[in-house]
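Engineer: Residue strings, one per chain:
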Amino acid sequence: MISGCINQESNNEINGNAIADTSNERTINIDKLEIYHFHGTHQCYSCITVGNYAEETVNTYFADEVKSGKIVFGHINGDLPENSDLVAKYGATGASLWLGTYTKDGQFSAEQNTNVWYKIDNKEEYMTYLKGVIEQKLAGN
Amino acid sequence: MSLMTFMEAMGTSNIPLIAAFFIGLMMAISPCPLATNITAIAYASKRIGNSKHTLLVGVLYTLGRMFTYVCIASLIVWVGVNTQTIALFLQNYGERILGPFLIIIGILMLDLIKFNFSQNNDKLGALKEKLANKGLIGAFLLGIIFALAFCPFSAVLFFGMLIPLAISAGDGILIPSVFAFATGLPVILFSIILIKSVSKIEKIMNKVQIFEKYMRYIISIIFIAIGIYYIWIIWL
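Those protein sequence lines, which keep their order, are chains A and B. In terms of my numbering, the first sequence is numbered consecutively and its last residue is 141. In terms of my numbering, the second sequence is numbered consecutively and its last residue is 1236.
Careful, some of the hints might be misleading.
[Stated by the list, open to error] Restraint ranges, calculated between C-beta atoms of paired labels, are given here:
| no. | chain 1 | residue 1 | chain 2 | residue 2 | range |
| --- | --- | --- | --- | --- | --- |
| 1 | B | 1001 | A | 141 | 36 to 44 Å |
| 2 | A | 104 | B | 1082 | 40 to 48 Å |
| 3 | A | 56 | B | 1137 | 22 to 30 Å |
| 4 | A | 82 | B | 1231 | 25 to 33 Å |
| 5 | B | 1174 | A | 48 | 41 to 49 Å |
| 6 | A | 132 | B | 1169 | 23 to 31 Å |
| 7 | B | 1228 | A | 48 | 19 to 27 Å |
[Unchecked claim] If you want the ones that stay clear, here's a sample from chain A, every Cβ over 12 Å from chain B, calculated:
| no. | residue |
| --- | --- |
| 8 | 32 |
| 9 | 69 |
| 10 | 72 |
| 11 | 79 |
| 12 | 92 |
| 13 | 93 |
| 14 | 102 |
| 15 | 107 |
| 16 | 125 |
[What the hints assert, rightly or not] Among chain A residues calculated to face chain B with C-beta under 10 Å, some are:
| no. | residue |
| --- | --- |
| 17 | 30 |
| 18 | 42 |
| 19 | 70 |
| 20 | 73 |
| 21 | 74 |
| 22 | 75 |
| 23 | 76 |
| 24 | 95 |
| 25 | 96 |
| 26 | 115 |
| 27 | 118 |
| 28 | 122 |
| 29 | 124 |
Please keep in mind that the hints were generated in silico from the structure rather than gathered at the bench. The beta-carbon is built from N, C-alpha and C at its ideal position, and this holds for glycine as well.
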């Protein structure tokens, strides 16, 4: 257990160094980052929390990127017909947090983050973690 | 280290079976599956004087859950059914029918409505009746149906965490089975606790039959109450 945590931390450090080395080159290639909280009409407490903390993280740490349009955040009700194309595009299977990256050469990739669900009982930890994930995405990782 | 940090470390373990077990434990303690597990524990205590039966009900309930999860995972991993299609379908319909289903079962258990089933004299019919009377088929079916009712958070755990694990390992049987065992573990553990505590009460009361009669009413009320809870969170 303890060794598992040490490994996790050291991996993050390695990833952090990798970002520092290549960020300038890769940032140029990222056109837009979409962060979507998918949910149904009837939401559970955890589902609402995951979405609210994500929104607060984006507004707190990435206000400039939101203003410039580089980051788009949204709560998407998957039960509404007008959102069905977006649900299909991301492949959301219910309440979930997704990060969709558009590169300047028109490539799109979407990734679901499930780790946030483990952090909803600690807002600070959640926001610090998600901030790191978004920074990595903006850096092209 | 907090409980959630520990659960995250285990649930994201590089060993798929360990990860599946801990994702299953998360499922077992999350609100919706917890409600169905409480119902199952109540069901297991129906014939509380018979300790073997109580434990068997807990085990069969877990096997019922296992059947559902293995079927869904196999359909996705091996048949290639789209995860999103099956996930959205089950979330739309599974949970909606669970509330009315529980209320109907609760009313039936109260014996307010009597059913006359035609007599079946063949051996298979007799065996079916014997098993049904013991509540074993019922326990298995409860497991199947409860597992089909996905709440938003249980869908996150199953479709968002477990299914990607099963897909990457190419395993539609073992990983969902371990997950199902963990989701039913509280029911098995409570069955054992019930057996131990009831044998003590039995010595004092020595009136198990009267106790069982009251238990049936309590269980029926638990079914109806949890049915109302589901209707309230989904329909209202």
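Engineer: Please go over all the hints and tell whether each is borne out by the structure.
Structural biologist: Now for the hints, and whether the structure bears them out:
Taking 36 to 44 Å as the suggested C-beta distance range, the pair residue 1001 of chain B and residue 141 of chain A does not conform, at roughly 27 Å. For the pair residue 104 of chain A and residue 1082 of chain B, the beta carbons lie near 31 Å from each other, so the given range of 40 to 48 Å is not met. One distance hint, 22 to 30 Å for the beta-carbon pair residue 56 of chain A and residue 1137 of chain B, is violated here, with the actual separation near 50 Å. Between residue 82 of chain A and residue 1231 of chain B the CB atoms are about 28 Å apart, so this pair conforms to the stated range of 25 to 33 Å.
Distance hint check for residue 1174 of chain B and residue 48 of chain A: the Cβ-Cβ separation is about 34 Å, which falls outside the suggested range of 41 to 49 Å. Between residue 132 of chain A and residue 1169 of chain B the CB atoms are about 27 Å apart, so this pair conforms to the stated range of 23 to 31 Å. Restraint check, residue 1228 of chain B to residue 48 of chain A: a C-beta distance of roughly 22 Å satisfies the suggested window 19 to 27 Å. At roughly 23 Å, the least C-beta separation between residue 32 of chain A and chain B is larger than 12 Å, which holds for a residue marked as non-interface.
With a cut of 12 Å on Cβ distances, residue 69 of chain A stays outside the contact zone with chain B, its closest approach being about 28 Å. Residue placement check: residue 72 of chain A keeps its beta carbon more than 12 Å from all beta carbons of chain B (closest about 22 Å). In this structure residue 79 of chain A is not separated from chain B by more than 12 Å, as the shortest Cβ-Cβ distance comes to only about 8 Å. Not every CB of chain B is more than 12 Å from the CB of residue 92 of chain A (nearest about 7 Å), against its label as outside the interface.
With a least beta-carbon separation of about 4 Å from chain B, residue 93 of chain A fails to lie farther than 12 Å from that chain, contradicting its non-interface assignment. Non-interface status of residue 102 of chain A relative to chain B is upheld: no Cβ of that chain comes within 12 Å, the nearest being about 21 Å off. Residue-level check passed: residue 107 of chain A sits 21 Å from the nearest beta carbon of chain B, beyond 12 Å. Taking the minimum C-beta to C-beta distance to chain B, about 8 Å, the non-interface status of residue 125 of chain A is violated against the 12 Å cut.
Taking 10 Å as the C-beta contact cut-off toward chain B, the hint placing residue 30 of chain A at the interface is violated, the least distance being around 24 Å. Interface hint status for residue 42 of chain A: upheld, as the beta-carbon distance to the closest one in chain B is roughly 6 Å, under 10 Å. Here the hint on residue 70 of chain A is broken, as its CB sits about 27 Å from the closest CB of chain B, past 10 Å. Hint status for residue 73 of chain A relative to chain B: violated, with the closest Cβ pair at about 19 Å, above 10 Å.
Checking residue 74 of chain A against chain B by beta carbon gives a least distance of about 18 Å; that is not within 10 Å, so the hint is violated. Nearest Cβ of chain B to the Cβ of residue 75 of chain A: about 14 Å, over the 10 Å cut. The hint is violated. Here the hint on residue 76 of chain A is broken, as its CB sits about 13 Å from the closest CB of chain B, past 10 Å. Interface hint at residue 95 of chain A: satisfied, since its Cβ lies 4 Å from the closest Cβ of chain B, which is below the 10 Å cut-off.
For the restraint placing residue 96 of chain A at the interface with chain B, the shortest Cβ-Cβ distance is roughly 6 Å, inside the 10 Å limit, so the hint holds. Interface restraint check for residue 115 of chain A: the shortest CB-CB distance to chain B comes to about 7 Å, inside 10 Å, so the restraint holds. Among the interface hints, the one on residue 118 of chain A holds; its C-beta lies about 4 Å from the nearest C-beta in chain B, closer than the 10 Å criterion. Hint status for residue 122 of chain A relative to chain B: holds, with the closest Cβ pair at about 7 Å, below 10 Å.
The interface hint given for residue 124 of chain A is violated, since its Cβ lies 12 Å from the closest Cβ of chain B, which is over the 10 Å cut-off.
Consistency with the previously given hints fails for numbers 1, 2, 3, 5, 11, 12, 13, 16, 17, 19, 20, 21, 22, 23, 29, ordered from lowest to highest.
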